[in-house]
Amino acid sequence: MVQIGSRLLKGYRGGHVVIRFALGGCTNRPFYRIVAAHSRRARDGKYLEQLGCLDPLPNAHGERVAGLNLERLRHWLGCGAQLSRPAEKLLGLAGFLPLHPMTVTGAERLRRRRAQETVAPPADGSPCDAP
Numbered sequence: 270m271v272q273i274g275s276r277l278l279k280g281y282r283g284g285h286v287v288i289r290f291a292l293g294g295c296t297n298r299p300f301y302r303i304v305a306a307h308s309r310r311a312r313d314g315k316y317l318e319q320l321g322c323l324d325p326l327p328n329a330h331g332e333r334v335a336g337l338n339l340e341r342l343r344h345w346l347g348c349g350a351q352l353s354r355p356a357e358k359l360l361g362l363a364g365f366l367p368l369h370p371m372t373v374t375g376a377e378r379l380r381r382r383r384a385q386e387t388v389a390p391p392a393d394g395s396p397c398d399a400p
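Numbering (the working numbering), first residue to last: 270 to 400.
Keep in mind that the hints are not guaranteed to be accurate.
To be verified - In silico EDC-like pairs for lysine to aspartate or glutamate, Cα to Cα no more than 20 Å straight-line:
(1) Lys358 / Asp324
(2) Lys358 / Glu377
(3) Lys358 / Glu340
(4) Lys358 / Glu386
Hints in this document: simulated from the structure, not taken from any laboratory.
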């Protein structure tokens, strides 16, 4: 098992390693790095290693692009790193982990809401057969 060198821990006390998103990009054009960082560091601050990237805005084909280094993710999880909820959801959708329970629950709620909207009668209260 690889241990974090003393250079990386210099000036750092407490906490644990977390795999989370670090915000990048500019106004109205977000871009996220998936990083392994100490839990007490700032969201966009120093990190130990970049593990992937995510472009949350759809491209010309309507796809959201994510790139992941699964080998390094496995390494950090093996070293005891914790996952943030957004990172856990992304890894579940990528097939690396089981789906996060809230992802399944949210999809079921959306499916039920859309089914109710298609079955619901007109909102004005008048019958559909009226001339």
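Hint check:
About 15 Å separates the Cα atoms of Lys358 and Asp324, which keeps this hinted pair within 20 Å; it holds. Taking the CA atoms of Lys358 and Glu377, the gap is about 16 Å. The hint holds against a cut of 20 Å. Straight-line distance between C-alpha atoms of Lys358 and Glu340 comes to about 18 Å, which keeps the hinted pair within the 20 Å bound. For the given pair, Lys358 sits about 27 Å from Glu386 by alpha-carbon distance, which is inconsistent with the 20 Å threshold.
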